[in-house]
Amino acid sequence: MKIGVVTFPGSLDDRDAARAIEMAGGQAVHLWHGSDDLREVSAVVLPGGFSYGDYLRCGAIARFAPIMSSIITASEHGFPVLGICNGFQVLCEAHMLPGALTRNHALHFLCRDQKLRIENNETMWTNGFEKNQEVVIPLKNGEGSFQCDDATLNMLESEGRVIARYLGEDPNGSRNLIAGISNVKGNVVGLMPHPEHAIETLTGPSDEGLTFFTSILQQLVGR
Amino acid sequence: MSLDTVTNAQSHPEAVQPFRELGLKEDEYDRIKTILGRRPTSSELAMYSVMWSEHCSYKSSKVHLKQFGDKAPHSDALLVGIGENAGVVDIGQGYAVTFKIESHNHPSFIEPYQGAATGVGGIVRDILTMGARPIAVMDPLRFGPADAPDTHRVLPGIVAGIGGYGNCLGLPNIGGEIVFDETYAGNPLVNALCVGVMRHEDIKLAKAHGTGNLVVLFGAKTGGDGIGGVSVLASETFNSAKPTKRPSVQVGDPFAEKVLIECSLEIFHEDLVVGIQDLGGAGLSCATSELASAGSGGMNIQLEKVPLRDPSLSPEEILMSESQERMCAIVEPSKIKRFLAICKKWDVTATVIGEVTDGERLNITFNGELIVDVPPRTVAHEGPVYNRPFAEPDYIKALAGSTFTVPLPSSPAEIKAAVLKLMAAPNIADKSWVTSQYDKYVQGNTVLAQPEDSGVIRIDEKTNLGVAISTDANARWSYLNPYEGAKLALAESCRNIAVSGAKPLAVTNCLNFGSPEDPGVMWQFAETVRGLADACLELGLPVTGGNVSFYNQTGTVAILPTPVIGVLGVIQDVRERTPMGLSQEGLEIYLIGKTDANFSGSEWAYLHGEMGNAAPQSDLNMEARLINLLLDGQSIFDAAHDVSNGGFAAAISEMVLRHRIGATITLTDVAPELFAETPGRVVVAIDPSETNSLVALAGKYQIPIFKVGVSGGSDLNINGASISIDELHRAHTETFPKLFG
Amino acid sequence: MAKIIVEVMLKPEILDPQGQAVGSALPRLGFTFAQSVRQGKRFEIEVAGDPTPEQLAQVEKAAETLLSNPVIETYVVKVEL
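Chains A, B and C, in that order, give the protein sequences. Last residue of the first sequence? That's 223 in the working numbering, and every number before it is there in order. Last residue of the second sequence? That's 741 in the working numbering, and every number before it is there in order. Last residue of the third sequence? That's 81 in the working numbering, and every number before it is there in order.
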């Protein structure tokens, strides 16, 4: 099963996302931002990094890349998309997910092993988790504070679209400690922590992040 | 001001030139005139002045540094030695690793964020230039007192700059040091290390070969950055009518560098360059003269072709600009089309600015007028060499004859208070406030990172081959005895590699000192180099490169001599690495190595305002046996941690805090055993069933071992002093957030 | 030559930690006048001659799609001659 990983100029965790897909049993396909060809992949990961230096706003320029128009169109028909960190920011900038990611409340870049609760295990990317499973996954960003208006927040909460929430000390000032959300259909998921850095205990704090990648592969195979 | 051409220099020999303002001495200026047979043009003067500066020419240190070559032990691992951008060592399986450490002290004092950021950028380009993919960085830092106002000005900015640049490049930051001392007030040290990996056949060198090959400048456009940086040159000297003073601070663009890295690696992968050099200190002056000097012929450069960010720059300024994120490549004409296509793919500006000639001169023209005509070696490699006077400073004998006392705890209550005080001291306290601003996970190959003894990176995901890197310095020992201090720093760095389970392979260094014009400082420097060269010979490790930073002083107060030693080790299977933390209850805890009750240079003495009188004597034969013991016994160690700053008290506390598993410790002579920093000691934890194996190893390598305790419980108990893990954790972690917010 | 200015501010209801940091630094330096501080961005776009209505409309469009994020930010377009 082929899953694409998009490389924008300034993407950093693209090879790591590809490694996670391979380790989960999939085939990773590199997609270039400047092409609109999805190369017959069945799902896409938008990886972490600093696309275009994130100088304007995180993800603001990447959303206009040719590959993104193909992804936006496909996602409207249920094509699965996971945005990790900078990828989450791109999804919000592209209005594929509501809200925005802003500067951490402490104003510092923060890299730490973050405890999360997986609150929605019915999306394409989280169906391998137990409901309310607690996992530890690295968090590393400077602009990870999830912000939106009250109406949007109520909608996300009431529709069960908060897929993961931070546990323990508040890392960045996100509303309702939101770490990840999904669209209505559950095919588009944005997540601030980095599951691709928790796929083996040798190089990460746990191997619990791998479940995001095995979830989508099972979903795709079962179709 | 009109263009000062070679013709003009010949016809107007009488022109008065600002060589002194450019940092050149009268005899150095005369030597330039002798070399050229005329006065230099203003562009030539600019080039010679920056290239003959201390920073670029190593004119005060060269006579000493050659010991690293003269005393070099034979090493099959060394693929590229001193003199290139960075040394390269063979780690097996066809992989070559390059690593180097450099200082960016003065720029970081002036503008902490950009100074530190561009320090990272510069060392990363050095590694990239060798043909390697950069895979990790580390940053040893030194600051004035933790509560001093200037420390509060520079530390947050420096840390944010290192993080801001390194994180954006996608390089894991896996270690380093943060040390506070009064002598660094007004003169912080920002040293940056980078390590990179490549296949043997991909090694690149900074040489311009092949008549007719093209000189290509690629990367960022050239602006007025850093003119006056390296050479302290004010552009008004050239043209006093110009109103604006050029900024001496270079500004970094990490996104441009990230793209430059990927673009360069793609170019290397297709084997499109003959030689390559990055543009760092002294910019184009350095890159063109070094490439030509190391090559076989001469070089012609058309300076007006250099793409400018600021069109008002004069030719002299273009030659000296230190704008970041630029590279210079030598490309065969048949490959230029492909080279430029890859640059276009990555949106990187690339311009042919000249060609390699069969002559012997570096000729630079500006709109057709010849403004530089020099033998490149005289600029790049044959600068002045000074044998500066040196003499042992008076403080050495005065301290050696002095006595000092520090209060030593004995009752359980005193022991508890002393350990908590030590663990909260800024030099020992938890550094997560700093290290959590660095990405340690990116690239997905980080096996160990700070606060572990060394950073361990997986190189091959199939075979699990990896490397370990550590940096160390004990400046207080170096102050008391620079010869022994250098040897001890190397020994400690090697020990840090070995406790993690890796075999030390090669050495780099960053030698931070005060003014070389002070004979006492020059003596410290000479003794340091002699000690390091002797120690490398004795331990059989080659020095692959390094950096010297002089003039680190505020007024007449020089910094403590601070030789930062970086050691690279190789580990055949990273899954076998030994971490530092106690991971389970019921492990037996041993102290390997004998403790001596000398508190000189220790953190405990420093906390009581004492320097001490005599550094420990190094015993490198013992250190080598200890390293072999650690490697031989790697499979029996559940945890291993080097005993260094803060002594056994700090080591055992750190082992307990890592996974919050307590320990009960019994020491014979409690105060010295807790706080003395006797080198050559390691704490290990083993399963009780491995006791006989450890005893056998100790016998085989003739190193004394002492059983000091057992792991378990929710507190650290030392001779009846019970400290709960919560108390210990609070003391250890509160300091930095309290100080820096 | 004229400049078209686009000023982008976070919406009042969106947390602005940078503005807050500046706001709390001011009194520490003895500047006690500030009730609150919000930090924004300013873009200076140079055009040849006086900006035409078409150019201004294009800038409006750019401000809405690229220069600001309407989810969290507002913008104003001005002309400086």
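Since the hints were made in silico from the structure, they are not lab data. Please read all numbers here as calculations on a predicted model, not as lab measurements. Be aware that one or more of the hints could be misleading.
When the alpha-carbon atoms are kept at most 30 Å apart in a straight line, the in silico BS3-like pairs for lysine-lysine are as follows [unchecked claim]:
id : chain 1 : residue 1 : chain 2 : residue 2
1  : C       : K11       : B       : K345
2  : B       : K66       : B       : K221
3  : B       : K221      : C       : K41
4  : B       : K431      : A       : K115
5  : B       : K738      : B       : K421
6  : A       : K185      : C       : K11
7  : C       : K78       : B       : K344
8  : A       : K2        : B       : K305
9  : A       : K185      : A       : K115
10 : A       : K115      : B       : K305
Far from chain C, by Cβ distances over 10 Å, these chain A residues were calculated [claimed, not checked]:
id : residue
11 : L56
12 : A60
13 : E93
14 : H105
15 : R112
16 : Q147
17 : D149
Quick partial rundown of chain A residues pointing at chain B, CB under 8 Å, derived from the structure [what the hints assert, rightly or not]:
id : residue
18 : F50
19 : F64
20 : H194
21 : L202
Glycine included, every Cβ here is placed at the ideal spot set by N, Cα and C.
Here's how the hints hold up against the structure:
Taking the CA atoms of K11/C and K345/B, the gap is near 38 Å; set against the 30 Å cutoff, the hint is violated. Straight-line distance between C-alpha atoms of K66/B and K221/B comes to about 37 Å, which puts the hinted pair past the 30 Å bound. Under the criterion of a C-alpha separation no larger than 30 Å, the hint pairing K221/B with K41/C is consistent with the structure, at around 25 Å. Taking the CA atoms of K431/B and K115/A, the gap is near 21 Å; set against the 30 Å cutoff, the hint holds.
Distance restraint check for K738/B and K421/B: the Cα-Cα separation of roughly 15 Å lies within the 30 Å cut-off, and the hinted pair is therefore satisfied. This hinted pair checks out: K185/A and K11/C have alpha carbons roughly 29 Å apart, not beyond 30 Å. For the proposed pair K78/C and K344/B, the alpha carbon gap of about 35 Å is over 30 Å, so the pair is violated. This hinted pair does not check out: K2/A and K305/B have alpha carbons roughly 46 Å apart, beyond 30 Å.
Proximity of K185/A to K115/A is assessed by CA-CA distance (about 26 Å); at most 30 Å being required, the pair is judged to hold. A hinted pair counts as satisfied when its Cα atoms are at most 30 Å apart, and K115/A with K305/B does not qualify at roughly 54 Å. The Cβ of L56/A does not lie farther than 10 Å from every Cβ of chain C; its closest approach is about 7 Å, which violates its non-interface assignment. At roughly 7 Å from the closest C-beta of chain C, the C-beta of A60/A falls inside 10 Å, breaking its exclusion from the interface.
With a closest Cβ-Cβ approach of about 6 Å to chain C, E93/A is found to fall inside the 10 Å limit, against its non-interface label. In this structure H105/A is not separated from chain C by more than 10 Å, as the shortest Cβ-Cβ distance comes to only about 5 Å. R112/A, annotated as away from the interface, keeps every beta carbon of chain C farther than 10 Å; the closest lies near 18 Å. In this structure Q147/A is not separated from chain C by more than 10 Å, as the shortest Cβ-Cβ distance comes to only about 5 Å.
A cut-off of 10 Å between C-beta atoms contradicts the statement that D149/A is not in contact with chain C; the least separation is 7 Å. Proximity of F50/A to chain B holds as hinted, the smallest CB-CB distance being about 5 Å (cut-off 8 Å). Given hint, F64/A at the interface with chain B, is violated; its Cβ is 15 Å from that chain's nearest Cβ, farther than 8 Å. This hint holds: H194/A has a C-beta 7 Å from the nearest C-beta of chain B, less than the 8 Å allowed.
Interface restraint check: L202/A against chain B, minimum CB-CB distance 6 Å, threshold 8 Å, status holds.
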